[in-house]
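All chains, please: the whole structure from these sequences, using the hints.
Below, each chain spelled out in residue letters.
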Amino acid sequence: MTLNHYFYCCLGIVKREVFRFFQQRSRLFSALVRPLLWLIVFAAGFRAALGVSIMEPYGTYITYQEYIIPGLCCMIVLFNGMQSSLSMVYDREMGSMKVLLMSPLPMPFLLCCKLIAIAFLSLMQVYVFLLCAQLVDVDISFLGYLTAAPAVFLIAFFLGALGLLLSSLIKQLENFAGVMNFVIFPMFFLSSALYPLWKMQEASVWIYWLCQYNPFTYCVELLRFALFGQLNLTAFSVILSVTVITAVLALISFSPKFSQQR
Amino acid sequence: MGIVTNNLSFAYGKKTALNKVNLTLPAGFNVLLGPNGAGKSTLFSLLTGLTQTANGTIHINEDDLSKNKSKIMSQMGVVFQQSTLDLDLSVKQNLLYYASLHGIAPKKALKNIELILAQLSLTERLHDKVRTLNGGHRRRVEIARALIHQPKVLLLDEATVGLDVESRLLIISYVRNLCLQRDICVLWTTHLMDEVEPSDQLIIINKGEIQAQDQSSKLCEQYNVDDTYQLYFALTKNAEAV
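Going line by line, the protein sequences match chains A and B. 116 is the number of the first residue of the first sequence in this note's numbering; add one for each residue after it. 72 is the number of the first residue of the second sequence in this note's numbering; add one for each residue after it.
Note that these hints are calculated values from the structure, not bench results. We put the beta carbon where it would ideally sit given N, CA and C, even for glycine. Just so you know, nobody snuck in bad clues.
Subject to a maximum C-alpha distance of 27 angstroms in a straight line, what follows is the list of computed DSSO-like cross-link-like pairs (lysine-lysine):
#, chain 1, residue 1, chain 2, residue 2
1, A, Lys130, B, Lys182
2, A, Lys130, B, Lys200
3, A, Lys213, B, Lys223
4, B, Lys179, B, Lys223
The following label-pair restraints were derived from C-beta to C-beta distances:
#, chain 1, residue 1, chain 2, residue 2, range
5, A, Arg149, B, Asp199, 30 to 38 angstroms
6, B, Thr203, A, Phe224, 30 to 38 angstroms
7, A, Gly259, B, Gln152, 51 to 59 angstroms
8, B, Asp199, A, Leu147, 28 to 36 angstroms
9, A, Phe122, B, Phe304, 49 to 57 angstroms
10, B, Glu185, A, Tyr205, 24 to 32 angstroms
11, B, Asp199, A, Phe224, 27 to 35 angstroms
Shown next as structure tokens:
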């Protein structure tokens, strides 16, 4: 196998995911409507009730809409990661997973390609959302758009790997819906996506600590800084570490030996 | 050239599915015949590397499957019993995706695809979504897919089940011609007696054990029976097969 083989394989897997994504037009629609509703309706209500003081990386007071933009971008990535994993469960039930497993290329490489495909789709959706966000006066600099890309990619890689890990442990599509509720909502709400952590600490110390240990908090913070052209080193280190751990666990869980044991 | 298994055994928990299976499948058309639950699918799963076992060995074209899986997979084409096509994608997209999994460049893959689809009378369906195809056409697409990378070994698990007579004849005659033209090893798993010809290598499996293995006509002679049905019944005591 040469590098060309690997390249065409990766291209093929990404293309398939993109084709499938555009075949399901409602998926793009719902991927955008969900965060836009939060941004336009939820944030409008909360804007009046909540004030966000000066905090890093913002140099001045900001509106609540501006504050939740990174959280909503991560929400898109989270949903896309989980939905792509759902398609893995579907592939396994329908048998098309066997086709992937029959490839002569190594399984870890194939799963990495799958993660790249998931990350690419997430990136696309996040940028469409950011463009829509301009309509509610959320300003992001050109540099912010550029530096957000690698952050979104890394976050998508992590959440995609988490989704793959979950999909490998789930035997039926029906079970996946339950796991979605137990993963997506706790991850999203127990993070700094909707409220700054210092506000959370005022409300409840133990919830604050749960948020602190939630990797999704670091996804949000990584992107928050990236949108300002800055690197949050702590968030980056945490996300990089959990990405590696989750990806390795996902790879192990997809190995034939592990699948057989289950 | 071909498939060789030595003392291949497999169990689902305490239930033995295959018990010390020794097979030698040369290039040509090999038919694996057995009733439901005989171990055909387990054997198929082991040969395709989807299931692994520490008991016994599998050699394909003289390579050990446990050691050279990548090389073997690049030479193996498989048609599964259950359809594995992506219904929402077109025939072309499905075939190109599969080609990419073998690292074949789209241009080269498309050339192969056009050639194979022409042979299978499917050229005009290239851009149609798989969802719109009937069962026979879907099966032909799956066979086309298994051949894109020009395999030396072709495994088909009950490839004609549920198809009308015309589609069955087309598929089986196409695969038989392939054997002659390309000198490849084909393992055709079935429970349909009328798909066996006297010149075929026949393997009869029952309760996880190989009951007989030789040319179909020779086996009939050896067991002093008139046809494959009687042979099958004599060896498996099973009259389920058609």
